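Trainee: What follows is each chain in one-letter form.
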Amino acid sequence: MKNKELQEEELIVEKKLPVIALVGMPNSGKTTLFNALTGANYKTSNYPGSTVEYSSGQLSEKYNSEAEILDTPGIISLNPSSIDEQIAIEGLFNHPKFGTPDAVIVTCDVTQLSRQLFLVKQIVDSGFRTVVALTMNDILQRKDLSVNSEILENIIGCPVVKINASEKTGLNELIQAVVSEFNRKPEQYVHKPLIPAEDEISRIYDFTEETEIEVLEPFKNKRDIDELNRKLFGNLHREPDRNSLKIDKYVLHPVLGTLIFIISMGLIFTSIFWIAQPLMDIVDNFFSLVAETVSNYLPENKWYSDLISEGIITGLGAVMIFVPQIMILFILLGLLEDTGYLARAAMLIDKPLSKLGLNGRSFIPMLSGYACAIPAIMAARTISNRRERLLTIMIIPLMSCSARLPVYALLLAYLTPPGNPWIPGLALGALYLLSLIISSLVAGIISKFRRNTEKSTFMLELPPYRLPVLKNILKSAYYKAGLYIKQAGPVIIIISIVLWALTYFPETRPQLSGNNQNDEIAIESSRLNNSYAAMIGKTVLEPILRPLGWDWRVGVALISAFAAREVFVSAMAITFSITENTEDEENFQSSILQSMKEAKNSEGTPLFTTASVISLIIYFMFAMQCLSTVAVSRKETASWKIPLFQILLYSFLAYVSALLVYNGLKFIGIN
Amino acid sequence: MNIGETAVISSVGDDCIDIHCHCLRLMELGFTPGQKVKVIAKSPFRDPLAVSIRGTIIALRRNEAECIKISENK
Chain Y
0 MKNKELQEEE
10 LIVEKKLPVI
20 ALVGMPNSGK
30 TTLFNALTGA
40 NYKTSNYPGS
50 TVEYSSGQLS
60 EKYNSEAEIL
70 DTPGIISLNP
80 SSIDEQIAIE
90 GLFNHPKFGT
100 PDAVIVTCDV
110 TQLSRQLFLV
120 KQIVDSGFRT
130 VVALTMNDIL
140 QRKDLSVNSE
150 ILENIIGCPV
160 VKINASEKTG
170 LNELIQAVVS
180 EFNRKPEQYV
190 HKPLIPAEDE
200 ISRIYDFTEE
210 TEIEVLEPFK
220 NKRDIDELNR
230 KLFGNLHREP
240 DRNSLKIDKY
250 VLHPVLGTLI
260 FIISMGLIFT
270 SIFWIAQPLM
280 DIVDNFFSLV
290 AETVSNYLPE
300 NKWYSDLISE
310 GIITGLGAVM
320 IFVPQIMILF
330 ILLGLLEDTG
340 YLARAAMLID
350 KPLSKLGLNG
360 RSFIPMLSGY
370 ACAIPAIMAA
380 RTISNRRERL
390 LTIMIIPLMS
400 CSARLPVYAL
410 LLAYLTPPGN
420 PWIPGLALGA
430 LYLLSLIISS
440 LVAGIISKFR
450 RNTEKSTFML
460 ELPPYRLPVL
470 KNILKSAYYK
480 AGLYIKQAGP
490 VIIIISIVLW
500 ALTYFPETRP
510 QLSGNNQNDE
520 IAIESSRLNN
530 SYAAMIGKTV
540 LEPILRPLGW
550 DWRVGVALIS
560 AFAAREVFVS
570 AMAITFSITE
580 NTEDEENFQS
590 SILQSMKEAK
600 NSEGTPLFTT
610 ASVISLIIYF
620 MFAMQCLSTV
630 AVSRKETASW
640 KIPLFQILLY
650 SFLAYVSALL
660 VYNGLKFIGI
670 N
Chain Z
0 MNIGETAVIS
10 SVGDDCIDIH
20 CHCLRLMELG
30 FTPGQKVKVI
40 AKSPFRDPLA
50 VSIRGTIIAL
60 RRNEAECIKI
70 SENK
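Residue numbers (numbering that gives the first Met the number 0), protein chains in the order written: chain Y, 0 to 670; chain Z, 0 to 73.
Worth flagging that the hints you see were computed from the coordinates, not collected in a lab. What you are looking at is a predicted structure, and each value in this text was computed from that prediction instead of being measured. Among the clues, some could well be false.
Pairwise CB distance ranges, derived in the manner of DEER restraints [to be verified]: (1) Lys599/Y <-> Phe44/Z: 46 to 56 Å; (2) Ser179/Y <-> Asn1/Z: 38 to 48 Å; (3) Thr269/Y <-> Lys35/Z: 38 to 48 Å; (4) Ser70/Z <-> Pro351/Y: 28 to 38 Å; (5) Phe44/Z <-> Leu433/Y: 19 to 29 Å; (6) Asn1/Z <-> Thr415/Y: 34 to 44 Å; (7) Ile212/Y <-> Glu65/Z: 24 to 34 Å; (8) Gln175/Y <-> Phe44/Z: 50 to 60 Å.
Below 30 Å or equal to it, Euclidean Cα-Cα: the simulated BS3-like pairs (lysine-lysine) are [what the hints assert, rightly or not]: (9) Lys37/Z <-> Lys354/Y; (10) Lys447/Y <-> Lys161/Y; (11) Lys68/Z <-> Lys245/Y; (12) Lys35/Z <-> Lys142/Y; (13) Lys68/Z <-> Lys350/Y; (14) Lys474/Y <-> Lys61/Y; (15) Lys61/Y <-> Lys161/Y; (16) Lys37/Z <-> Lys245/Y; (17) Lys665/Y <-> Lys96/Y; (18) Lys634/Y <-> Lys447/Y; (19) Lys37/Z <-> Lys248/Y; (20) Lys37/Z <-> Lys350/Y; (21) Lys354/Y <-> Lys68/Z; (22) Lys161/Y <-> Lys245/Y; (23) Lys35/Z <-> Lys350/Y; (24) Lys245/Y <-> Lys35/Z; (25) Lys142/Y <-> Lys37/Z; (26) Lys35/Z <-> Lys248/Y; (27) Lys537/Y <-> Lys596/Y; (28) Lys354/Y <-> Lys447/Y; (29) Lys634/Y <-> Lys470/Y; (30) Lys665/Y <-> Lys599/Y; (31) Lys35/Z <-> Lys161/Y; (32) Lys184/Y <-> Lys35/Z.
Yeah, the Cβ is synthetic: ideal placement off N, Cα and C, and Gly gets one too.
Model the full structure from these sequences, guided by the hints.
Mentor: Set out below in structure tokens:
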């Protein structure tokens, strides 16, 4: 309630300010300009009911004017060719929060004038109060060319200002031009253009080409104008950036390019896997320490003490543990995107992925899925085609994430005799490969069944190579992490409190002294074995799990593992009441293995056989055993459709394949 | 077209009957008749292609590039 009031208040304040919308083609320097105008003090939101983002922020004080700056997604033209573009263009004409902007700044990359003026022309013709911001002037000067902005102003009919947003030149002039436009009464109402026919596009291009020839002039008279004109008609101004062409000779080379691709992707993978690990351990240890310290100060033997220390603080820890990976992945993604490599990497790997109904841009999210599905699903934002983005998000939970590793390690250790570490190693490799095959199959099958409503396209500009601005990348990674904490965090905390309650209540307190560690574990074990989770396990899960070769205790561990897959290991330790004598991990694992070997089912035969353990492994390969992923999937797709489909499909696949494997193995005599 | 080859566009999407065709988008991207195009690179699977047009480089899938007809090789 309070929040809503605040929002309304905010809305009133913002309504008073004039709104300036930034429009431009992708890579035209729009975001750099936005950062310079707002002083990188902005917030990013989604258009209602979609995942299309826009940023807004107030004009920085140093420009001596007040205005709200609205950054819109990069567009090619005002004629949308996808649902997301349609949302972005609708948002420009009639923004859900800001309405029709009072003025529009169009960024225009002067190194490709004839192309970029296309959008400028469309915006001006739509009746907006328009100011054109010419970007990349320094790059054009390297070709000894420059734009005569006065001539351009006359031709196009609106103010034109040259800027350099990273060196912050021309920005005051730009804002002054916009402010004086506010007072101008527009000659026509703002209206959306009709979808242009082919000859209409040609007509606009004829105009932009003529304009280009008129406004380009030699830079500082370095060259004779005649010589330059000859060069102009030799299309000097329509050549891509020469340095980029040189670099592309290597980066897009069939052999070298592939090598560079493999190395860079390998680096990304290892850093989200290995660099994040120590940071995640720090987060983990920090929250265990806080939970321990807090529980020391709270009254003993009260349910709310346990709720705070085990439900809430552990839940907070479950949220924060993903932050290092999210930050690292988004810093790396930002570096790749801003240098211009991301588009090229997408091009190199597009072909095989397009066969599965995916896109070259699906590759990094899929790769990240091997570390953790949560940052991976968030990284799918870079896929511009909605269908392909949803399909990528759909299959990410099948990637063998790092949380499965402890589970596989335990189960594989049970299956293989000690002393042969290469056997479980090999098996682990096979599991990774299998998860890749399965996810490809699922993607292929889903894309076969769901016919294209939005035809798959690639058409991606390969921007010139540039040095990235680290500050902006860090800022955006920080923002992504904050967004995750704010939006997925509460859901994850609620889920972990519910799971805590299920495994804690009804409260039974066995009268044990509770002084030494063994007794504490016995209390915990008896509490879990009498909890609602155990009741569900005994009455609901036992009959369901019996055909897979498991009993209710495995079921309880599986319920606990919905918080995170790796919880399965510690939950197994509790359900089978393992006494943890030392902190030594090796002993801990061997004592779990020992109790697993001794565990009997209700008929008195061993519970964990080769067949039932393999069926558990197979179950974990498919199962959507991570409610944090569900929460993020819900947030990133802006609907429950995908997460529900994921839960239903993957639970079904997990159950059926575990069932088939268990009974198949028993049938051929492996027990 | 091979890597490094230059040609001039003669028409875009003349043979297309599919209403979902991307010819309009291709034209909006700058692939209009009369423009010079040059193949900069091909991905290891020979698809997509990187094509230079109007001062920039655009990666296109082969089936998209097929909408663009070229008249002469230089």
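Trainee: State for each hint whether it applies.
Mentor: Against the structure, the hints:
1. Take Lys599/Y and Phe44/Z: their Cβ atoms lie about 55 Å apart, and the range 46 to 56 Å holds.
2. Taken as a hint, the range 38 to 48 Å is violated for the pair Ser179/Y and Asn1/Z, whose Cβ atoms sit roughly 53 Å apart.
3. Between Thr269/Y and Lys35/Z the beta carbons are some 43 Å apart, a value that agrees with the proposed interval 38 to 48 Å.
4. Look at Ser70/Z against Pro351/Y: about 33 Å separates their beta carbons, and that is inside 28 to 38 Å.
5. At roughly 24 Å, the beta-carbon separation of Phe44/Z and Leu433/Y lies within the given 19 to 29 Å, and the hint holds.
6. Between Asn1/Z and Thr415/Y the beta carbon distance is about 53 Å. The supplied range of 34 to 44 Å is therefore violated.
7. Under the hint 24 to 34 Å, the C-beta atoms of Ile212/Y and Glu65/Z, about 31 Å apart, fit the expected range.
8. Between Gln175/Y and Phe44/Z the beta carbons are some 51 Å apart, a value that agrees with the proposed interval 50 to 60 Å.
9. Restraint check for Lys37/Z and Lys354/Y: satisfied, since their Cα atoms lie roughly 26 Å apart, inside the 30 Å limit.
10. A hinted pair counts as satisfied when its Cα atoms are at most 30 Å apart, and Lys447/Y with Lys161/Y does not qualify at roughly 49 Å.
11. Under the criterion of a C-alpha separation no larger than 30 Å, the hint pairing Lys68/Z with Lys245/Y is consistent with the structure, at around 27 Å.
12. Simply put, Lys35/Z and Lys142/Y have alpha-carbon atoms about 19 Å apart, close enough for the 30 Å limit, and the pair holds.
13. The straight-line distance between the Cα atoms of Lys68/Z and Lys350/Y is roughly 22 Å, inside the 30 Å bound, and the hint therefore holds.
14. This hinted pair checks out: Lys474/Y and Lys61/Y have alpha carbons roughly 21 Å apart, not beyond 30 Å.
15. At roughly 19 Å between alpha-carbon atoms, Lys61/Y and Lys161/Y fall within 30 Å of each other, so this suggested pair holds.
16. Taking the CA atoms of Lys37/Z and Lys245/Y, the gap is near 15 Å; set against the 30 Å cutoff, the hint holds.
17. Taken as a hint, the Lys665/Y and Lys96/Y pair is broken in the structure, with Cα atoms around 62 Å apart against an allowance of 30 Å.
18. About 26 Å separates the Cα atoms of Lys634/Y and Lys447/Y, which keeps this hinted pair within 30 Å; it holds.
19. For a cut-off of 30 Å, the pair hint linking Lys37/Z to Lys248/Y stands: about 14 Å separates their Cα positions.
20. Proposed proximity of Lys37/Z and Lys350/Y is supported: the alpha carbons are some 21 Å apart, at most 30 Å.
21. Among the hinted pairs, Lys354/Y with Lys68/Z is consistent with the structure: their alpha-carbon atoms are about 25 Å apart, no more than 30 Å.
22. Annotation: proposed proximity of Lys161/Y to Lys245/Y holds, straight-line Cα distance about 28 Å (limit 30 Å).
23. At roughly 26 Å between alpha-carbon atoms, Lys35/Z and Lys350/Y fall within 30 Å of each other, so this suggested pair holds.
24. Taken as a hint, the Lys245/Y and Lys35/Z pair is honoured in the structure, with Cα atoms around 20 Å apart against an allowance of 30 Å.
25. Under the criterion of a C-alpha separation no larger than 30 Å, the hint pairing Lys142/Y with Lys37/Z is consistent with the structure, at around 19 Å.
26. For the hint linking Lys35/Z to Lys248/Y, the alpha-carbon distance of about 20 Å falls within 30 Å, and the restraint holds.
27. Pair hint Lys537/Y plus Lys596/Y holds up; C-alpha atoms about 21 Å apart against a cutoff of 30 Å.
28. Annotation: proposed proximity of Lys354/Y to Lys447/Y holds, straight-line Cα distance about 10 Å (limit 30 Å).
29. For the proposed pair Lys634/Y and Lys470/Y, the alpha carbon gap of about 27 Å is at most 30 Å, so the pair holds.
30. The suggested pairing of Lys665/Y with Lys599/Y holds, with an alpha-carbon distance near 17 Å, which does not exceed 30 Å.
31. Under the criterion of a C-alpha separation no larger than 30 Å, the hint pairing Lys35/Z with Lys161/Y is consistent with the structure, at around 28 Å.
32. Taken as a hint, the Lys184/Y and Lys35/Z pair is broken in the structure, with Cα atoms around 41 Å apart against an allowance of 30 Å.
Going down the numbered hints, you'll see the structure goes against 2, 6, 10, 17, 32, while the others check out.
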